[in-house]
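Visitor: So the chains spell out like this:
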Amino acid sequence: MTTSASAAPTSGPAPEAKSSGAVLLLLKMRTLIALIVVTAYFCIMAPNFISLGNLVIISKHVAINAFLAIGMTYVIVTGGIDLSVGSIVGLVGMISGLLITHGIPLPFMDATAYPNVFEIIGFALLTGILVGFINGTLITRFSVAPFIATLGTMYIARGAALLISNGETFPNLVGRAEFGNDGFPILGSGTVLGIPLAVILMIVVALVAAYVAGRTPLGRQIYAIGGNERAAMLSGVYVNRVKVIVYIVSGACAAIAGLIISSQLVASHPASGTSFEMNAIAAAVLGGTSLAGGRGTIGGTIIGAFVIGVLSDGLVMMGVSEFWQMVIKGLVIIAAVILDQMQRKMNRR
Amino acid sequence: MSAVAVLKQSPEPEQGVILEALKMSMVFPGTVALDKADFVVRRSSVTALVGENGAGKSTLMKILAGVISPTSGEMRLNGEPVVFNSVHDASAKGIGIVFQELNLCPNLSISENIFLTHPYTRGGVHIDRKRQFERATALLKRLEHDLSPDALVGDLRIGEQQIVEIAKALSRDVQVLIMDEPTSALSESEVEVLFRVIDELKRAGVAIIYISHRLEELTRIADYVSVLRDGKMQASAKMRDVDVPWIISQMVGRTEMPPQRSTPATSSVEVLRIENVCLPRASGGYLVDHVSLSIAAGEIVGIYGLMGAGRTELFECLFGLRSETTGNIILNGRNLAGLTVAERIRQGLFLVPEDRQRDGLMQNLSVLKNISISSLWQFRRGIAIQRDSEAGKVDEMIKALRVKVSSPDVEITALSGGNQQKVVIGKSLLTRPKLLLLDEPTRGIDIGAKAEVFKTMRQLAEEGLGVVFATSDLMEIMSAADRIIVMSRGLVTGDFPRQEASERLLVAASTMTSHLTSTHASSAQESFSPLTE
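Order-wise, the sequence lines are chains D and G.
Read in order, the letters of the first sequence correspond to residues 406 to 754 in the working numbering.
Read in order, the letters of the second sequence correspond to residues 572 to 1104 in the working numbering.
In short, the hints are calculated from the structure, not lab data.
Heads up, some of the hints might be wrong.
[Claimed, not checked] Among chain D residues calculated to face chain G with C-beta under 10 Å, some are: (1) A518; (2) L623; (3) I630; (4) G631; (5) R635; (6) L639; (7) S640; (8) G699.
C-beta: ideal position from N, C-alpha, C; glycine also.
Input sequences plus hints: build the corresponding full structure.
Guide: Structure, rendered in structure tokens:
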């Protein structure tokens, strides 16, 4: 949450300052404007778009990407990248599926323990945290470039997901009341006052993440590292510690996304989450996060995730082919970065 | 300006003049780096160019080599006016330069580096590796180095890289060869080789411009000497007519600065004691060589030294940036050895680094966030930062240091260099340090801001802080320090109370390589090892 001063402190008000100030404001709000424009367009073109049912569907889709994108924003703000999140989604789904379907065999008692839903959530989060910890350790202690370290764990986690079931799907993850492990689908399809649980969870996670980024020493240090890692170190910031935390947060966010997907589908598939990391990066970048590090906000990222979600759902409803959807998504991302550069240039003046 | 007589160049062109720069001026925003300087270079001779840091030596050389274009002034090569728009222009006319900072590609081999801009080719596209290899071998042999031309430059020692840089300049037919501090990275034996090569080049008719801080070298190899001071050409002379003290007086020129404070109110309470601190150099020898010092509370200690003297390295050792450091660093009775930077900050030490942009500022953050980043623990309640108390403390600091800024929320990049420097100092003070290290605290800031920074340092010392700053500016150190320590080649070569110091003494100590000139005689004499590599 960088507070950027829009006015140069020394220069007096130039005659064109007013109009350029307005342009600057428009550029700053670009993602929100894009979201409004895209939504309005679909409301006109696709009559059912604004219906309550559809909004629920969209927000559920957005929630998945938003979890990944929140963690990704932290990582990118420190100047890193996390390519492993999509694979964590798949791995976490498979571990949950395994625990519900087969439980944990207890070696000496000839029995099987079936963890309940809360314990399953715990295992899932631990998985994400562990992968994140490995990422962070590789990057800090062994000086592996973030791109490479997380590319490696991306393959490893995906391979592990496939190994768990030998590539098979775990279907029908409803659990059994007599084992005490039923209730897993509620996470993905439950609602509170008509609002999907996943969406509420997304809002809670986003609020906490925004608070940490904006109001805590940890958040401040994340931005400091992204701005100038060496200066941050010389200022007494524990750079390595903060970086490890950031990758752990990203892994844990991916684990939540993985839980929700397999709960929504009531099944877990080892290929689930493939290329989700790219959607998460796209959402962060659309929301104004700079891949060079040091800039980006959780709020922006959430709006970015909504732009992507609304765009793909709207295009589906309009019957635009999947292939064209990809082209359009690519164009939107490039346009967003070009506008970002324009804003930076204007800021500098 | 000064009372020292200035030897003017005779107006009519002398015999053997190859390159002349007439009334060269270079104006950068805010500073005049060169002010109507005349400079003459003669065939078959070595012209030494000397001056304090910032006197304009490098600027003049960059103009001669076509790196930058002068604001005004004329250049003549063999009597013909010439204008260089690029390094290529200059090198096509036979002017080669060996830069102070090495301009080599570490990922390429020696021969690839030497022939990077002018490869031997067949048909204009196919690089003739064999010819390059042979030519590179011959060049290295001439420089008395049997390095393989296929060796990667990144694998070479700095001194060897310097040799490659020289070979690169020699690979073209040069009439004028500029060498900017060529010996600063070389060992004694390598310097001897370089001097033989210079002699050989002289016999071949090449004119050499030789920049060095090591004045004793000049008496050996220079034929002419020109002294720059504050961008003006102070004096030029034949080397055999002058001596080192003359050069120093021309460099320094001014009368000694009156002391600003008559009574150094230093207490005898020791804040920092360092014992036998050493930092080994990768290629043997030491960057910081058995340094022992004691700093008292309320004292401003200036460390003077030329480039590569080990000042920055000493600070880095103290602040925990060099893991190879040995020796004891005792702050307020507690040994800091082995502590991390963050822990040393908590113990009351802070380093204001030399390179503000690279090491001091977080360019993406506001003034407020830059100032408070090192002291966030002070403002924490639960997990959150208490923004009121943070803003209050930062405001106090901004007022105390007189940082010119409309609001603490302004981006740091919108501030001038001097104000940015104050922000870095503000960041350090907010941690409530007991000892403050400042490395070149006035680098790149204007005169007014310099005075402010020193005023701040004085204030801090009066409040009982130990203040240690490093500089290569004599005037600064004479006017701001209570006690002056001189370093040269990693050794402490001088330790003077300000009243007993003179610019001459300091310059002499800064070019020494072994003994300690001390009125305290504090360091252990036997610890000084000769620097043979």
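Visitor: Each hint should be assessed against the structure and marked as holding or not.
Guide: Against the structure, the hints come out as follows:
1. Proximity of A518 (chain D) to chain G is violated relative to the hint, the smallest CB-CB distance being about 35 Å (cut-off 10 Å).
2. Here the hint on L623 (chain D) is kept, as its CB sits about 8 Å from the closest CB of chain G, short of 10 Å.
3. The beta carbon of I630 (chain D) is positioned within 10 Å of a beta carbon in chain G (closest approach about 9 Å), and the interface hint is therefore held.
4. Checking G631 (chain D) against chain G: minimum C-beta separation of about 7 Å stays under 10 Å; hint holds.
5. Restraint check, R635 (chain D) versus chain G: the minimum CB separation of about 6 Å is within 10 Å; hint holds.
6. Annotation: L639 (chain D) was flagged as interfacial toward chain G, and the flag holds, the nearest CB pair being 5 Å apart, inside 10 Å.
7. With its C-beta approaching chain G no nearer than about 4 Å, S640 (chain D) sits inside the 10 Å limit, and its interface hint holds.
8. Because the closest C-beta pair between G699 (chain D) and chain G is about 4 Å apart, less than 10 Å, the hint holds.
In the structure shown, a violation is registered for the earlier hint numbered 1 alone.
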